[in-house]
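Visitor: From just these sequences and the hints, can you work out the full model?
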Amino acid sequence: MNKQNIIVLVGGIFFGFGLAYSGMTRQEIVLSFLQLKDLGLIFVMGGAAAVTFFAVNVVPRYLKTPLLGGKFKPRRAPLSRNVVIGAIIFGVGWGLSGQCPGSAVASLGTGNLYVLVGLAAMFIGAYLRGLLEK
Amino acid sequence: MFPLGIEPYIIGGVLVGIGVSLIYIATGLHATQSSFFTTTLSWFSKRKHFQKESNIEERNWRLFLAVGIIIGALAYTLTLSPTGFWITSVQIWRLALGGLLVGFGTRLSQGCTSGHGISGLASLSTTSLYAIIVFMGVAIVTANIVQLLGVFP
Numbered sequence: 434m435n436k437q438n439i440i441v442l443v444g445g446i447f448f449g450f451g452l453a454y455s456g457m458t459r460q461e462i463v464l465s466f467l468q469l470k471d472l473g474l475i476f477v478m479g480g481a482a483a484v485t486f487f488a489v490n491v492v493p494r495y496l497k498t499p500l501l502g503g504k505f506k507p508r509r510a511p512l513s514r515n516v517v518i519g520a521i522i523f524g525v526g527w528g529l530s531g532q533c534p535g536s537a538v539a540s541l542g543t544g545n546l547y548v549l550v551g552l553a554a555m556f557i558g559a560y561l562r563g564l565l566e567k
Numbered sequence: 007m008f009p010l011g012i013e014p015y016i017i018g019g020v021l022v023g024i025g026v027s028l029i030y031i032a033t034g035l036h037a038t039q040s041s042f043f044t045t046t047l048s049w050f051s052k053r054k055h056f057q058k059e060s061n062i063e064e065r066n067w068r069l070f071l072a073v074g075i076i077i078g079a080l081a082y083t084l085t086l087s088p089t090g091f092w093i094t095s096v097q098i099w100r101l102a103l104g105g106l107l108v109g110f111g112t113r114l115s116q117g118c119t120s121g122h123g124i125s126g127l128a129s130l131s132t133t134s135l136y137a138i139i140v141f142m143g144v145a146i147v148t149a150n151i152v153q154l155l156g157v158f159p
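In the order they appear, the protein sequences are chains A and B. Position 30 of the first sequence, counted from 1, bears residue number 463 in my numbering, the numbering being contiguous throughout. Position 84 of the second sequence, counted from 1, bears residue number 90 in my numbering, the numbering being contiguous throughout.
Treat the hints with caution; some may be incorrect.
To be verified - Derived pair list, reagent style DMTMM-like, types lysine to aspartate or glutamate, alpha-carbon separation capped at 20 Å: (1) A/K436 - B/E64; (2) B/K58 - A/E461; (3) B/K52 - B/E64; (4) A/K506 - B/E64; (5) A/K506 - B/E13; (6) B/K54 - A/E461; (7) B/K52 - A/E566; (8) A/K470 - B/E64; (9) A/K567 - B/E59; (10) B/K54 - B/E64; (11) A/K470 - B/E13; (12) B/K52 - B/E63; (13) A/K436 - B/E63; (14) A/K506 - B/E63; (15) A/K504 - B/E13; (16) A/K436 - B/E13.
Claimed, not checked - Per the computed footprint, the stretches of chain A lying under chain B, defined by three or more beta-carbons under 8 Å from a beta-carbon of chain B, are: (17) 442-450; (18) 454-462; (19) 476-483; (20) 489-496; (21) 518-526; (22) 530-543; (23) 548-562.
Unchecked claim - Using C-beta positions, here's what the derived DEER-type ranges look like: (24) B/W92 - A/L500: 33 to 39 Å; (25) B/P9 - A/G503: 40 to 46 Å; (26) B/K54 - A/I518: 20 to 26 Å; (27) A/N435 - B/K58: 47 to 53 Å.
In case anyone wonders, no lab produced these hints; they're calculated from the structure. Just so you know, even glycine gets a beta-carbon here, dropped at the ideal spot from N, CA and C.
Guide: Below is the structure:
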């Protein structure tokens, strides 16, 4: 295991612990956000994005490169039709099931084995997206 | 508005942000989730879409990220969780059909709640901002229609 993978594993542990702590691993809580009964999810996304904002925008002013080498590069991509159509389809799936990729993976760690069905379906969906391209 | 309080949401969100930031500061990688499906499929499909160089490069660390996320959620469940292990009561067909659309949609959109919602937003990407507005708006409408149709749980 190289250093990069160890750091990613440790960061992932914080990620998964946080998702479980915030209840995002429970589809019922995500659905209650989408039904506008409990708006807490905004604080999860906002809190995570606010902390990450410093890592992406402030830390690179003091560090030339990432600690293990490589490059700092903000995550930006051009807007395209696919981004919007994909977001619409994702929204329908999220609203129907209360699952998104990160929370579904984390949900496994809480013992929610039914989410294996959702994850298998996500792999099939990602595969079908690949079939669209020649 | 906040029947469970706001502390678990803020603390959980900050922990997620610490994880994503740690990875970014150490490696420059964006710890986003939905690419995991595409990079993992590169082990199984010979199609060009999955065999892109970037997928091959990223597939190892993305697997470590997924395993870390599972370990982290397991650690919470075994320690601080008031309820311990748990199983959803949301019907299986919703998990299956919803999952299919989530897998297809996030890959077409090139981001999910973590890619657009955390890393994209933190990078001040207007593309991600538009994507969030669209998927969140559509999900709110969908969840309410499903509820109105009497589908529960």
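Visitor: Each hint: holds or not?
Guide: Verification of the supplied hints:
The hinted pair formed by A/K436 and B/E64 meets the criterion: a straight-line CA distance of about 15 Å does not exceed 20 Å. Restraint check for B/K58 and A/E461: not satisfied, since their Cα atoms lie roughly 37 Å apart, outside the 20 Å limit. The straight-line distance between the Cα atoms of B/K52 and B/E64 is roughly 16 Å, inside the 20 Å bound, and the hint therefore holds. Distance check on the hinted pair: A/K506 and B/E64 sit about 16 Å apart at the alpha-carbon level, within 20 Å; holds.
For the proposed pair A/K506 and B/E13, the alpha carbon gap of about 32 Å is over 20 Å, so the pair is violated. A C-alpha spacing of about 38 Å is found between B/K54 and A/E461, which places the hinted pair above 20 Å, so the restraint is violated. With a C-alpha separation of about 13 Å, the suggested pairing of B/K52 with A/E566 holds against the 20 Å cut-off. This hinted pair does not check out: A/K470 and B/E64 have alpha carbons roughly 38 Å apart, beyond 20 Å.
Taking the CA atoms of A/K567 and B/E59, the gap is about 16 Å. The hint holds against a cut of 20 Å. Simply put, B/K54 and B/E64 have alpha-carbon atoms about 16 Å apart, close enough for the 20 Å limit, and the pair holds. Distance hint between A/K470 and B/E13 is fulfilled; the C-alpha atoms sit about 17 Å from each other, no more than 20 Å. The suggested pairing of B/K52 with B/E63 holds, with an alpha-carbon distance near 15 Å, which does not exceed 20 Å.
This hinted pair checks out: A/K436 and B/E63 have alpha carbons roughly 15 Å apart, not beyond 20 Å. Straight-line distance between C-alpha atoms of A/K506 and B/E63 comes to about 17 Å, which keeps the hinted pair within the 20 Å bound. Restraint check for A/K504 and B/E13: the C-alpha separation of about 35 Å exceeds 20 Å, so the hint is violated. For the suggested pair A/K436 and B/E13, the alpha carbons sit about 33 Å apart, so the restraint of at most 20 Å is broken.
Here the region 442-450 of chain A counts 9 residues with a CB under 8 Å from a CB of chain B, which clears the bar of 3, and the coverage holds. Judged by the Cβ-Cβ criterion of 8 Å, the region 454-462 of chain A is covered by chain B as claimed, because 9 of its residues qualify and three suffice. With a cut-off of 8 Å between beta carbons, the region 476-483 of chain A has 8 residues touching chain B; three or more are needed, and the interface restraint holds. Judged by the Cβ-Cβ criterion of 8 Å, the region 489-496 of chain A is covered by chain B as claimed, because 4 of its residues qualify and three suffice.
For the region 518-526 of chain A, the stated coverage by chain B holds: 9 residues have a C-beta nearer than 8 Å to a C-beta of that chain, and at least 3 were required. With 14 residues having a beta carbon nearer than 8 Å to a beta carbon of chain B, the region 530-543 of chain A meets the requirement of three or more and the stated coverage holds. Taking a C-beta to C-beta cut-off of 8 Å, the region 548-562 of chain A contributes 14 residues in contact with chain B, enough for the three needed, and the coverage statement holds. At about 37 Å, the beta-carbon gap between B/W92 and A/L500 stays in the expected band of 33 to 39 Å.
At roughly 43 Å, the beta-carbon separation of B/P9 and A/G503 lies within the given 40 to 46 Å, and the hint holds. A beta carbon spacing of about 21 Å between B/K54 and A/I518 agrees with the range 20 to 26 Å that was offered as a hint. The hinted window of 47 to 53 Å between A/N435 and B/K58 is violated, with their beta carbons roughly 22 Å apart.
Violated hints for the displayed structure, listed by number in ascending order: 2, 5, 6, 8, 15, 16, 27.
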